[in-house]
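Peer 1: Counting from 118, one number per residue, gives the positions in the sequence shown under the working numbering.
Treat the hints as calculated values from the structure; they're not laboratory data.
It is possible that some hints are incorrect.
[Claimed, not checked] Here are the computed lysine-lysine pairs in the DSBU-like style, where the Cα-Cα straight-line distance is at most 30 Å:
1. 425 to 387
2. 315 to 387
3. 260 to 406
4. 425 to 260
5. 395 to 260
6. 453 to 406
7. 406 to 245
8. 387 to 448
9. 453 to 320
10. 425 to 248
11. 367 to 387
12. 448 to 320
13. 425 to 448
14. 315 to 395
15. 448 to 245
16. 252 to 425
17. 453 to 252
18. 315 to 448
19. 387 to 410
20. 448 to 406
21. 248 to 260
22. 395 to 367
23. 367 to 245
24. 448 to 248
25. 315 to 410
26. 387 to 406
27. 260 to 245
28. 315 to 425
29. 425 to 245
30. 448 to 410
31. 248 to 367
32. 395 to 425
33. 252 to 448
34. 248 to 406
Because the structure is a prediction, the values reported are computed rather than measured.
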Amino acid sequence: MTSTLYNLPESHTHTYGVTYDSMLMDMTFTSDNIAYTVLHESNNFEKENLRSLDCKSITKFKCFLIGTMITAALLGVLVGYYDCISANGESALELMEDLFSNYRKQYTDFIANKPDYCDSRALIDSRKILKNIRKQNILHQGKALHQLEIALNTQNDFNAIAFVGPTGVGKSLILSHLIANFPWPENVHIYAWNTQVKDESEKFHMLRVLIERLSECGCNLLIIENLQASDHGLVYLVNNLIAEIVNGQKRIIIFYVFNLNWMGDEHLLKEQSEFLTKSLPVAHVINFKSFTKHEIQDCIYREMRFEKVALAPNDIDDIVGTVDVTRSGCKDINSKVLLYGTIKNK
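Go ahead and model the full structure; you've got the sequences and the hints to work with.
Peer 2: Here is the structure:
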C-alpha cells in the first residue's frame, strides 16, 4: 500500500510523518499484545482454579484418610471384643458399655475444656459453694447453711437431702444460689410435685423419664419441690426408683423440698418437723427456722438495698401489716417493696 504523508513541510516529515502501514502495524501489534495478555490472564486464572481445586481435593482427601483411620481404629477395638462377645455375651456387653462411657466422658472433657470435668469428686467443693451462697445475704438461716455444707461434703454416689420448713423462709432462695454455683449446670433438674398434673402414675412416669436421662459425667442435681408433709412416702419410692434405674452408675444429689403449713401454730410446726426428721429415708434432714414479723422487717430492708429503693418507716409498717407470715413468709416482699417504691416516686 502507498504511504501517505500529512501535509507538513518537507523538512519536518522525518519527525512528524506517520504512514498508514506503520499505524496498521502498531495497531496490529497492540491488538496482538492485548490478545496475548487476555489469553495469558485466562491461562493463569485457569491454573489458579486448578490449584484451588487441587488444594480442596487434597484437603478432602486428607479428611477422608483421617476419618478412615478413626473408623478403622474403632472397628479394630470392636473386633478385639468379638471373641469375648461370642464366649460371654453379658460380660462383653458390660465391656462395650464401659468403652462408650469412657468415650463420652473424654468427649465431654474436651468440649468443656476442663481436665477431669467428669470427675465429680475433683470439682465439687462444698466449702467454696457455701461461701458464695453466704454472700447472698441469706437471713436467719445460719444453722441450715452449716448443715447444708456438711451434707454436700458427703462423698457417696447417692446423696439424699431434705429441706423442711414453712413457705418463704429461704429454701428456694438457697437452692437457686446452689444451682448458680453448681459445677455441672447442664446436670440440674427441677421437678415440682404438686402441680397441675393430678394423676400420680403420670407424675411417676415423668419422673422416671427424667431419672433415665441423668448424666454419667460429673454429678447430677435433682430437686423435687413443692412437697407437703403428707407426701413423705414419696421419698422412699423415688429413692427405690433411682436405685433401680441408675444402679450405682451415676452420681446424684437429690433435694426433697417440703413446705410445712403451720398456720401460726408453733406446736404443729414442731410436730411436723420432728415427724419428717425421723421418718424420711434420707441422709440429711435440714430444718429451716420459721419467721415472725421481726424477720419480715429484715427481709424488707434487704429487698430495699437490692432494688435501691428508699421507703419511709410508715411504708415499711404498711408492708409488714399486709404480710401473712404463716402463709408466705418473705416470698412476696420483693414485689411489695417495688410496688411501694413505684407509688412513692409518682
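Peer 1: Is the Cα-Cα distance between residue 315 and residue 395 30 Å or less?
Peer 2: holds (28 Å)
Peer 1: Between the alpha carbons of residue 448 and residue 406, is the straight-line distance 30 Å or under?
Peer 2: holds (15 Å)
Peer 1: Given the hint that residue 248 pairs with residue 367, does the C-alpha gap stay at or below 30 Å?
Peer 2: With Cα atoms ~27 Å apart, residue 248 and residue 367 stay inside 30 Å; holds.
Peer 1: Is residue 260 within 30 Å of residue 406, Cα to Cα?
Peer 2: holds (9 Å)
Peer 1: Taking 30 Å as the top limit, are the C-alpha atoms of residue 448 and residue 410 close enough?
Peer 2: holds (13 Å)
Peer 1: Are the Cα positions of residue 387 and residue 448 separated by 30 Å at most?
Peer 2: Holds, at about 21 Å.
Peer 1: Holds or violated: residue 252 with residue 425, Cα cutoff 30 Å?
Peer 2: Distance ~18 Å between residue 252 and residue 425 Cα, so the pair holds.
Peer 1: Sort out whether residue 410 lies within 30 Å of residue 315, counting only the CA atoms.
Peer 2: violated (35 Å)
Peer 1: Would the hint linking residue 387 and residue 410 be met if the CA-CA limit is 30 Å?
Peer 2: holds (19 Å)
Peer 1: What's the verdict on residue 453 and residue 406, does the C-alpha distance respect the 30 Å limit or exceed it?
Peer 2: holds (23 Å)
Peer 1: Given the hint that residue 395 pairs with residue 367, does the C-alpha gap stay at or below 30 Å?
Peer 2: OK: residue 395 and residue 367 at ~27 Å, within 30 Å.
Peer 1: Between the alpha carbons of residue 453 and residue 320, is the straight-line distance 30 Å or under?
Peer 2: At roughly 34 Å apart (the allowed maximum being 30 Å), residue 320 and residue 453 break the hint.
Of the hints listed earlier, those the structure fails to meet are numbers 1, 9, 11, 25, 28, 32, in rising order.
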